[in-house]
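Engineer: Residue numbers (the working numbering), protein chains in the order written: chain A, 1 to 217; chain B, 1001 to 1278.
Incorrect hints may appear among the rest.
Pulled a few chain A residues facing chain B out of the computed Cβ check, cut under 7 Å [unchecked claim]: (1) R52; (2) A56; (3) E120; (4) A121; (5) K123; (6) V124; (7) L125; (8) G126; (9) S128; (10) I136; (11) P139; (12) Q140.
Simulated pairs of lysine-lysine, DSS-like, Cα-Cα distance not exceeding 25 Å [claimed, not checked]: (13) K131/A x K116/A; (14) K123/A x K1174/B; (15) K1081/B x K123/A; (16) K1140/B x K1174/B; (17) K20/A x K158/A; (18) K1174/B x K1081/B; (19) K1140/B x K213/A; (20) K131/A x K1174/B.
In case anyone wonders, no lab produced these hints; they're calculated from the structure. Just so it is clear, CB atoms sit at the ideal spot from N, CA and C, and this is done for glycine as well.
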Amino acid sequence: MTLDFSAIVPYLHMLFAGAKVTIQASLLSVFFGALLGIFVGALRVVPLAPVRAAAAAYIYIIRGTPLLIQLFLIYFGLPSLGLNLPAFTAGIIGLSINSSGYVGEIVRGGIEAVPKGQWEASKVLGLSYLKTMRFIILPQAIRNMLPAIGNEFVTLIKESSLLSTLAITELTMVGQQVRSVTYASFETFIVVGIIYLVLTSVTSFSLQYVEKKWKVS
Amino acid sequence: MPNNSSDTIPSDSSASQPAIEVRSLHKSFGSLSVLRDVSLSVGEGEVVSVIGPSGSGKSTLARCICRLEEINSGEIYLYGKRTDRSSHSNRDIARLVGMIFQQFNLFPHLSVLDNLTLSPIRILGLSREDAVENAMALLKRVGLEEKRNARPSELSGGQCQRVAIARALAMNPKIMLFDEPTSALDPELVGEVLDVIAGLVDSGMTMMIITHEMMFAKEVSDRVLFMADGNIVEQGHPKKIFSCPEVPRTRLFLQRLLVHFGKELTEGDEKEACRYDA
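One chain only, chain B, in its complex shape (with noise of 0.2 Å):
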């Protein structure tokens, strides 16, 4: 099980370590605490989805991980190293871990294709001929390859997300964080990005995912966590999660959203096994 509490200081050696590990994390904004003891442990290749209301937390914790925000206490390993301290530069933290944002962030001076190769020619080295060659093929996986030469002011906010992905994938990271991919977007182009996500789990590409695609959560993840108020409430099986929820604070949650989106979420899931007292 994830979020064993061993002692041990994750070693570069041990072929089990985990991809992400937090230990008691604490994040606060001036007086506001965001994140409060937050311990969690992501394994190489899982899927771990997070969900939650706003102001729970989630965004904050993925920025934490991928360090862009000071932590205040505690601990974050990927792959066993520390990089909670600023030993480590951006680039390094790069290499390990790519992030995708809400609102896409891509650099509107450059082309589709600029957007792609800075990085892997300015950060890893790579000649221009090979990062292009690289960025082709994964805009070729993201679909979007007949836009290598558009600014991202001409695309779609869809084709933009998938452009970010691309962009995220060229640095060859081992770990993917997702904050809210499809919350930015028009209905009708969350698929299409949802897709793309798809395609990257199936690959056994470790992430995590914040998301509010209820369906989306259920379907890709290995795990699911519910956050509330800066900790991690309950955390397991999508089909537990969304199907016997055993904290109060997350069936109220998924309560509010089956109003929403009908009863399909916890439909077909040894849903005769789960007695709710509420």
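Bound-form chain A, shown alone (with noise of 0.2 Å):
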């Protein structure tokens, strides 16, 4: 067989608007999943077993249970309670929910990793618990985190490709759309792995960028 890839040169703007919408998704899911992900690592590590168990608990089942299901249950579960989300405010939700689950054990992991020491100098300071991680913890396990939350954003670009099951016209979608007016699957979908591969590329390389900077300064 020939690959042609004529055939889908004329739908590459709409790959292209596709892949902007990707690039949103993934934006704002890796924000929103960071933000909760810090809450719920923190809440992780608290000095309080009910509220560490209740953490662990979300990240457990957050953790063991695939991606479309979590996505499923917020588009099409909801609606059931009377809750009704556009399409991509589901998806931004669900993947920020799933993201937070990975990034709560990623924030678990560096403030553990923030020496004891930390603590003890930041209590005989006078330093409650709530400033101590504020001013002391966070800013120190979020620069041992950076490489492990970079992996999580190039990670969610891929997964956000789930969110062409709740028709949202992400770079996913709108290949299977090429697919079928063009017929040329093959040139179709190696043009859009070829794209997320750029978009990937181009996350992990500027992520490496900021790492290297920050340890310099």
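Both chains come to you apart, so use the hints to assemble them.
Structural biologist: Below, the structure written as structure tokens:
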């Protein structure tokens, strides 16, 4: 067989528009996922056993169930409780919650990697638990966590392809549309794959750059 | 004499109340009993050195006083206020006691200046200007003004410990506790830190110094405590402890040290008056 990419050239702008939605969805999800994840991760180390257990259970459930099922629960399940969310919103919520489970574990690891002496010095300087967390522990923990958070971002870009099942016109969804018009399945998904690869490469290279900068300063 | 066993609960009004008063302190980690019925009183402006073998409970005693460790039983009073219960916030304790750690525990992500100003701004509510002015005066005192923008990773161990001392002083505590402040330092850096501590002694601050620097302890202390096996075995004037210790356990400890440090520790101190029968 021969590959003929010319058939999909007229539809490239559609693919790029889809890529834009993918980027938007990933950026929003990584942002909210990280916020929620830092919160959940911080709860994992709070000196209150019931709170720690609740956070652990949350992480356990999120990481132990498929993202696709979580998306379905939010988009198809919540309406039965009277909560109808637009597909894009539901998708962002689902991805963010899913990501928060993983970020939560990263944050817990990052916090626990900060030496105990930092807690002790903060305590004898009069800092409360929350102030110690905010001014001393988290700034150091986030630095430790940056590489893992970067990986999580890359993962999110790829997993956002599942949003196509909610009929969100992100890259994978658009790819399916282009394929159904052109019948050039192989070519279409090769191009879609390349676009994903470009997105993940740009992301990881920029993160490596940021990490280097941070290490120097 | 310190360590009197008066039964009066220290009251705020009493001018002669001790800075630190520890009564029947017990502390154990799991089944390991680290402090066994320790009682101690340190007067305002008094400098007390604590010596003894490792594992004797010296550090734990200091950590209980600044409430890094919860105690199992007993009472701890700082300036007449009972502080061993959770009714005191970290802030309350920090205004009374500063603590210096063996490993410095500077905040690595903050500049030297920010290490000094964080707590005064966030806890004492000082304005940034006041906190910086105060911090610069303290950095000058420890001879590190020019390092104000450096990160801890750019400093030597001795410089780190001097910054840590300045940071503790920035909270303006009444009492300073030193937990082996020079034990993690290269030998050539010990002197600069001891000089700073000696400067504090001259300023009349109440201090408790846990140290293995016997010459230093002998020079600066008003009183030396010898601890072993979770108890204060012997205490008294440094000349007495180092020259004619009464308790065999103390003697044994010091004799072992003398093997390493030569005779200088005991030289010139009414040595004639001491008769060991060991």
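Engineer: Next, verify each hint and record whether it holds.
Structural biologist: These are the hints, each one checked on the structure:
1. R52: 19 Å, violated
2. A56: Given a least distance of 25 Å, the restraint on A56/A is violated.
3. E120: 6 Å, holds
4. A121: 4 Å, holds
5. K123: Nearest chain B Cβ about 5 Å off; hint holds.
6. V124: V124/A check passes; min Cβ-Cβ to chain B is 4 Å, inside 7 Å.
7. L125: Because about 4 Å separates L125/A from the closest Cβ in chain B, which is inside the 7 Å limit, the hint holds.
8. G126: Constraint on G126/A satisfied, holds at 3 Å.
9. S128: 6 Å, holds
10. I136: 6 Å, holds
11. P139: Because about 5 Å separates P139/A from the closest Cβ in chain B, which is inside the 7 Å limit, the hint holds.
12. Q140: 5 Å, holds
13. K131/A x K116/A: 16 Å, holds
14. K123/A x K1174/B: OK: K123/A and K1174/B at ~17 Å, within 25 Å.
15. K1081/B x K123/A: Holds, because 19 Å separates the two Cα atoms, which is no more than 25 Å.
16. K1140/B x K1174/B: 20 Å, holds
17. K20/A x K158/A: 14 Å, holds
18. K1174/B x K1081/B: OK: K1174/B and K1081/B at ~13 Å, within 25 Å.
19. K1140/B x K213/A: Roughly 32 Å separates the two Cα atoms, so the pair is violated.
20. K131/A x K1174/B: OK: K131/A and K1174/B at ~23 Å, within 25 Å.
Checked against the numbered hints above, the structure violates hints 1, 2, 19; every other hint is satisfied.
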